[in-house]
Amino acid sequence: MSQASTLQAPERAWGIDRFVVGVALAGLAILGALIWLETAPFLLALFGVGTLLGGALYHGAFGFTAGWRNLVTKKRGAAMRAQLLLFALTSLLIVPILGSGQEGLIGAVAPVGTSLVVGAFLFGVGMQLGGGCGSGTLFTVGAGNLRMVVTLIFFIVGSVIGTLHLPWWLDRPGVDPVSLIEGFGVPGAILLQFAALGVIALWIDRVERKAHGQVERDEWKIRNGDKGILRTLLTGRWPFTWAIVALAVGSVLTLVIGGTTWGITFAFALWGAKALQAVGVDMSQFEFWTWDYPAMALADSVLVNVTSVMNFGLLLGAMLAAGLANRFNEASRKRPEGRQLLAAVIGGLLLGYGARLAFGCNIGALFSGIASASLHGWIWFAAAFVGSLLGVWLRPWFRLPN
Amino acid sequence: MQAAYKRSSVILVMLAILALILADHLHSPTFAFNMGQGNVETTLMQRDGAACAPCGAPCPSSRD
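Those protein sequence lines, which keep their order, are chains A and B.
Note that full-length UniProt numbering has the first sequence beginning at 1, numbered continuously upward.
Note that full-length UniProt numbering has the second sequence beginning at 1, numbered continuously upward.
Please note that a few of the clues may not be correct.
What the hints assert, rightly or not - Covered by chain B, per the in silico footprint, the following chain A stretches (three or more residues, Cβ under 8 Å): (1) 33–45; (2) 93–99; (3) 109–123; (4) 130–139; (5) 169–178; (6) 352–361.
What the hints contain is simulated information worked out from the structure, not anything from laboratory work.
Quick caveat: nothing in here was measured; it's all calculated off a predicted structure.
Every residue, glycine too, gets a C-beta built ideally from N, C-alpha and C.
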């Protein structure tokens, strides 16, 4: 009897949320079948990659926003160093692919100028008020966080407004994209980026050591707690190293299968524009929606838009992961009150507007930009970090904990 | 422990999202093409190598 109890105990402790897991799997099956039947196999593959990325982001708790905030308020840098490791690994994998000159592969390169700096700064403020970045907003919504649903709705609104204003911002001072691969070659670009990432890592170490006397090397951990590997894989929480490898591999697969680097926020603008179009607004009166790619995306199904398809996979992947961890909607037990909701609204608007002006979010511009050795990724990093400092300073007024 | 969500709400939200996706798809050129209309332009491949940014924005140097 006691042996039976002992055997049953771990099973109860696992506590999978069968309903949420079932709904997520049904969603994956239905949408996957629709994509398979109506579009092309490569989009189904990207849908699968999105699902993997959603699971990795959730189980790895790989939020850029909290990592930046932890460095500023708690003087702990493990999460930020994990991000730098992710940039380094992805850069090592993607720069040679892009540098090979293979036709049909496009990196995340974008102009450098006023639009980028202003947009990234606003995005940085929005990250801290909205409670997440592009990927963070999406995976927490997938995990059922109600406050982040508010952030996402206004992220979409801000994105659409950003598309209306982007042409004006592009006419402010700026220069064409600067590719480090073109300037320094593949080895030069990788070495230059490693050097820059190393300098930032040293600065983070210095901040942490000064505050705590030592540096916690959580970013190098390959095991978390005493749970088995399979159980940790399915229910989390993953060590940073697992999330780094999964995100890097997912990013490379996105480029190889889809032909472009991973992005998230273009789809938000697209969904908002489609909603406006559905209620009779002629989006072709706005310059942004006359450019080839946005016009094509607006005219056709979301199921043939790579970013949308990957976002659907990411949402369902995060939902599946939250169900497996038995934590779906857990963050919404305490309902957000007035000022916290206001922060979600303002944060969402800034995130959306900033992402359009800055040619993407922490994924499309920062992560994929640096992985593509584009100068705009580095400028995005700096401007968004400064904006994030302002956001951290504003958080207490909105009753958000630091 | 009390569930943090209502099952009916989760199903309703999922169905609403699926309905929106379907409504968008059923009015698209890709669906028309799949239904046998040959004179529609679908956009399965949307990569725009001529653009200056992932969102399709033109280069600053190309603007007046």
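A quick look at each hint next to the structure:
1. 33–45: holds (count 5)
2. 93–99: Coverage by chain B is violated here, the residue count being 0 at a Cβ distance below 8 Å.
3. 109–123: With 4 residues close enough to chain B, the hint holds.
4. 130–139: Coverage by chain B is violated here, the residue count being 0 at a Cβ distance below 8 Å.
5. 169–178: The restraint on the stretch 169–178 of chain A holds, since 6 of its residues have a Cβ under 8 Å from chain B and three suffice.
6. 352–361: holds (count 3)
This entry does not satisfy hints 2 and 4, going by the numbered hints stated previously.
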